[in-house]
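J.: Protein chains in written order, with our numbering: chain D, 1 to 338; chain F, 1 to 338.
Just so you know, the hints here were simulated from the structure itself, not pulled from any lab data. It cannot be assumed that every hint is accurate.
Identical copies carry no separate label here, and so any pair may be met within one copy or between two of them.
[To be verified] When the alpha-carbon atoms are kept at most 25 angstroms apart in a straight line, the in silico DMTMM-like pairs for lysine to aspartate or glutamate are as follows: (1) K302 - E153; (2) K7 - D77; (3) K7 - E43; (4) K238 - E49; (5) K197 - D13; (6) K258 - E99; (7) K7 - E153; (8) K194 - E99; (9) K4 - E49; (10) K4 - E99; (11) K197 - E99; (12) K302 - D44; (13) K27 - E251; (14) K7 - D198; (15) K27 - D220; (16) K258 - D44; (17) K7 - D220; (18) K27 - D245.
Next come the chains, spelled out residue by residue.
There are 2 protein chains.
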Amino acid sequence: MAHKLGKYTYLTDAAPSVLAWGSVGSKKEAQGPLAPYFDLLNEDSTFGEQTWEKAESEMQKEAIAKALEKAGLSAPDLDCIFAGDLLNQCTGSTFGLRELGVPFLGLYGACSTMAEGLVLSAFLLDSGAMQKTAVITSSHFCSAERQYRFPLEYGGQRTPTSQWTATASGAAILGQNVSPPYIRAVCVGTIEDKGIKDQNNMGAAMAPAAFETLRRFFEDTGTNPDNYDLILTGDLGKVGSRLLDDLMQREGYHIGGKHSDCGLLLYDSNKQDVHAGGSGAGCCASVLCSYILPSIREGRLKNVLFIATGALLSPTSVQQGESIPSVAHLVHFSSLPN
Amino acid sequence: MAHKLGKYTYLTDAAPSVLAWGSVGSKKEAQGPLAPYFDLLNEDSTFGEQTWEKAESEMQKEAIAKALEKAGLSAPDLDCIFAGDLLNQCTGSTFGLRELGVPFLGLYGACSTMAEGLVLSAFLLDSGAMQKTAVITSSHFCSAERQYRFPLEYGGQRTPTSQWTATASGAAILGQNVSPPYIRAVCVGTIEDKGIKDQNNMGAAMAPAAFETLRRFFEDTGTNPDNYDLILTGDLGKVGSRLLDDLMQREGYHIGGKHSDCGLLLYDSNKQDVHAGGSGAGCCASVLCSYILPSIREGRLKNVLFIATGALLSPTSVQQGESIPSVAHLVHFSSLPN
């Protein structure tokens, strides 16, 4: 079983493995630098469906199918699936996965959902209660824009600090300790709210959550950035990444050389019009499940801290003048089991 | 650690305890038969706030504070809190709990959320990874009506099969094996969808999920209704309860005499205008945390199966002509640890 270290961190004993993964993207992702690493890229962002919401569900279907196929498993082999997305009532997941027949545990962590599912999977696998779990999440530019901002037809201008919601899904299949990547530790985040009210500046709203979780993990484990190859946040974008580096610097942690952000990896911000970078629950999930996990499996990356951040607002809370609470969960992946 | 029995059920080894609980309701709940068992009943359904959404968050604050007080604990004693609600992006929970500073794991299981949080808590406590967790959920008639149906000012008529969303919150604090109620087993549900499209008949949409989970639990454990004092669903209401009894009957399980439903317990359907009964994530949570858990602690009930059902639709999915998927998770509470 996982055991607690300090106040927020848990070390796994059996180091559960990520067995396989699947990633799906669309046109903008196909034009980005990570395109060669995706399993499926469909230039048609409707994915053959009649609504954007159904397209998002279709992405989840394809991502989990791909991950299962690569793991050599079928749905009945899974003990449970953790899933969630940004749509109201998480219908991207519930409609995408309803035909699987797998015990379903729905999550809402906004863009931190992938990490939240990995954290919970690590606990359930490490204790031996479960043998195989899956984690999946998604986002779709078009379903997110109309739900959170404006109808696409309105053609609203985006501010420089705004991020581009990825049309993407990432799925991971986890199991007992057999092969890298291994989950060595997890850290569960608290809700942080520094009073940021600009819903077009999510990076600023979420940086304090990433900061708290990362700082606590270093304190709990007595490690520092030098112990890791990569500190990967998702998705702070340009603005939030700078803020995180600055906040960590003040605490004496120089993460600059090790820090990267999924929102900055998925797109080429010089060539693609994504303003402050990518975002959306599918952004860090697809970056993890296309480029990062294979790099750990193949040993190019040995120790990676994956910190997914979620902005826990709603359009209603913004209209009511509220600030934007956020949360960040951390997963320590390693190419070695101990 | 919990170990698997059959395909869907997990037995706990250490039988985690529910240490304390808190329940909050409003005017309609104060007029119902369970009023004497609630911790807090506020006739003012605004709870002193300016919006219904903030009122719902305030209920969560009060419910968790009451549960912590009764447990003799404070927020920093909790290893994590599982929370969710019906509002878009679960803001009832995120805004209600943001000041606690407790590691936060957001759930979306619609009205099954309370059971989902109890299931996950049971796993994390039984393995020894965590020592104390909390589970909380809520619903508010006014925030739900305007989000899912019509603005209250519209004064829409309700159909006979529709249920009344409870203005209520229930919170439970769980810990290691010390006193009853103990969690002896859990069963994680799959998404079921029999094609029901009437969003004013949630009972019919959710009954198949309750049926599958209950049937599987009986099969996995080799038990039957005679082994339990109470089979408590939440919230199938009148229509769904009849359907569940009928579906079980066809499988040879006669649950009629043991079956009750939180949606039928919270209100007096002869005197209160709630049509097919109560519903909402706060309905089964508050019934559990007001009337049921004390009955188990005091030994009036010895073995209770709590099966919370969630309808995994959204207003958008309904508008797009979709049917209503649902899920049900089961928790076996006992007055004895083994």
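J.: Are the hints correct? Go through all of them and say.
T.: Verification of the supplied hints:
1. For the identical chains of this complex, K302 and E153 are neighbours neither inside a copy (45 angstroms) nor across copies (59 angstroms), given an alpha-carbon limit of 25 angstroms.
2. In this assembly of identical chains, K7 and D77 lie within 25 angstroms of each other by CA distance solely across copies; the values are 10 angstroms between and 34 angstroms within a copy.
3. For the identical chains of this complex, K7 and E43 are neighbours neither inside a copy (45 angstroms) nor across copies (39 angstroms), given an alpha-carbon limit of 25 angstroms.
4. Taking the closest pair of Cα atoms, K238 and E49 never come within 25 angstroms of each other, the shortest separation being 33 angstroms inside a single copy and 37 angstroms across copies.
5. Proximity of K197 to D13 under the C-alpha cut-off of 25 angstroms is found in neither arrangement, the shortest distances being 41 angstroms within a copy and 46 angstroms between copies.
6. Taking the shortest alpha-carbon separations for K258 and E99, neither the intra-copy value of 41 angstroms nor the inter-copy value of 31 angstroms comes in at or below 25 angstroms.
7. When the C-alpha separation of K7 and E153 is checked against a cutoff of 25 angstroms, the pair qualifies neither within a copy, at 48 angstroms, nor between copies, at 48 angstroms.
8. For the identical chains of this complex, K194 and E99 are inter-copy neighbours only, at 11 angstroms across copies versus 41 angstroms inside a copy, given an alpha-carbon limit of 25 angstroms.
9. Proximity of K4 to E49 under the C-alpha cut-off of 25 angstroms is found in neither arrangement, the shortest distances being 45 angstroms within a copy and 38 angstroms between copies.
10. For the homomeric pair K4 and E99, the shortest alpha-carbon distance between copies (23 angstroms) is at most 25 angstroms, but the shortest distance inside one copy (37 angstroms) is not.
11. Taking the shortest Cα distances, K197 and E99 sit within 25 angstroms of each other only across copies (17 angstroms), while inside one copy they are farther apart (39 angstroms).
12. Taking CA atoms no more than 25 angstroms apart as the test, K302 paired with D44 passes in neither setting, with 36 angstroms inside one copy and 57 angstroms between copies.
13. For the homomeric pair K27 and E251, neither the shortest alpha-carbon distance inside one copy (40 angstroms) nor that between copies (50 angstroms) is at most 25 angstroms.
14. Proximity of K7 and D198 under a CA criterion of 25 angstroms is satisfied in neither setting, with 31 angstroms inside one chain copy and 47 angstroms between copies.
15. When the C-alpha separation of K27 and D220 is checked against a cutoff of 25 angstroms, the pair qualifies neither within a copy, at 42 angstroms, nor between copies, at 46 angstroms.
16. Taking the shortest alpha-carbon separations for K258 and D44, neither the intra-copy value of 35 angstroms nor the inter-copy value of 53 angstroms comes in at or below 25 angstroms.
17. Taking the closest pair of Cα atoms, K7 and D220 come within 25 angstroms of each other only inside a single copy of the chain (7 angstroms); across copies the shortest separation is 37 angstroms, beyond that limit.
18. For the homomeric pair K27 and D245, neither the shortest alpha-carbon distance inside one copy (31 angstroms) nor that between copies (50 angstroms) is at most 25 angstroms.
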